[in-house]
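Asks: Work out the full structure, taking the sequences as your base and the hints as a guide.
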Amino acid sequence: MNLSGAFTALVTPFRGDGSLDLDALARLVEWQIESGISGLVPCGSTGESATLTPEEHIRVVRHVVEVASGRVPVVAGTGSNSTREAIELTSAARSAGADGALLISPYYNKPTQEGIYQHYRMVALEGGLPIVLYNIPGRTASRIESETTARLSRVPGVAGLKECGGDFAATAETIAPVA
Numbered sequence: 583m584n585l586s587g588a589f590t591a592l593v594t595p596f597r598g599d600g601s602l603d604l605d606a607l608a609r610l611v612e613w614q615i616e617s618g619i620s621g622l623v624p625c626g627s628t629g630e631s632a633t634l635t636p637e638e639h640i641r642v643v644r645h646v647v648e649v650a651s652g653r654v655p656v657v658a659g660t661g662s663n664s665t666r667e668a669i670e671l672t673s674a675a676r677s678a679g680a681d682g683a684l685l686i687s688p689y690y691n692k693p694t695q696e697g698i699y700q701h702y703r704m705v706a707l708e709g710g711l712p713i714v715l716y717n718i719p720g721r722t723a724s725r726i727e728s729e730t731t732a733r734l735s736r737v738p739g740v741a742g743l744k745e746c747g748g749d750f751a752a753t754a755e756t757i758a759p760v761a
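The sequence shown begins at 583 in our numbering and counts up one residue at a time.
Simulated from the structure, these hints should not be mistaken for lab results.
A virtual CB, placed ideally from N, CA and C, is assigned to each residue, including glycine.
Careful, some of the hints might be misleading.
[Said to hold, decoys possible] Each pair of labels, with its calculated beta carbon distance range:
hint : residue 1 : residue 2 : range
1    : G600      : E696      : 34 to 42 Å
2    : A723      : T628      : 15 to 23 Å
3    : N691      : E616      : 39 to 47 Å
4    : E708      : G679      : 16 to 24 Å
5    : G598      : A754      : 41 to 49 Å
6    : N691      : T635      : 15 to 23 Å
7    : Q700      : C746      : 17 to 25 Å
8    : V737      : W613      : 32 to 40 Å
9    : A732      : R597      : 39 to 47 Å
10   : R666      : E755      : 26 to 34 Å
11   : S664      : G600      : 22 to 30 Å
Replies: Dropping the structure here:
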């Protein structure tokens, strides 16, 4: 999976009645591709992932994959505070044709570094897609420490890191062992 360039975290459009607006989503995907984006990320934080039902989540991913038609990679947001649910969402994204998955660390339950490691390791090994770790402590109440990132970089299926911790010194420390 090629992760170079800019990937857009897509919004998930809704109709006035709260249902998904897949026509608006298709127009958004086309506009992004025509504008030269390198890849698409449906169902991330910007895409209301925390408020979508599992069925809506998969419908959005499937629709983005269909509209993109292989022109750009699709990296589906499949994170959850439940490891089992993250594996299921990642497997469903694979079945829908996604090229990879972006996963936040488990939120709310504040896992240890070993818990974070095991969560990502299990998703990478069982989900069936290359995964991108997403370090966003402001949303998850936990940080993926540099040692944990280095360990995870050796797990088959771990393809990258999206770093949103806001601490540039910590980011430099995180990427140094794997750069």
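Asks: For each hint, tell me whether it holds in the structure or not.
Replies: Taking the hints in turn, this is what the structure says about them:
no., hint, in the structure
1, G600 <-> E696: 34 to 42 Å, "holds (40 Å)"
2, A723 <-> T628: 15 to 23 Å, "holds (20 Å)"
3, N691 <-> E616: 39 to 47 Å, "holds (41 Å)"
4, E708 <-> G679: 16 to 24 Å, "holds (19 Å)"
5, G598 <-> A754: 41 to 49 Å, "holds (46 Å)"
6, N691 <-> T635: 15 to 23 Å, "holds (21 Å)"
7, Q700 <-> C746: 17 to 25 Å, "holds (22 Å)"
8, V737 <-> W613: 32 to 40 Å, "holds (36 Å)"
9, A732 <-> R597: 39 to 47 Å, "holds (45 Å)"
10, R666 <-> E755: 26 to 34 Å, "holds (31 Å)"
11, S664 <-> G600: 22 to 30 Å, "holds (24 Å)"
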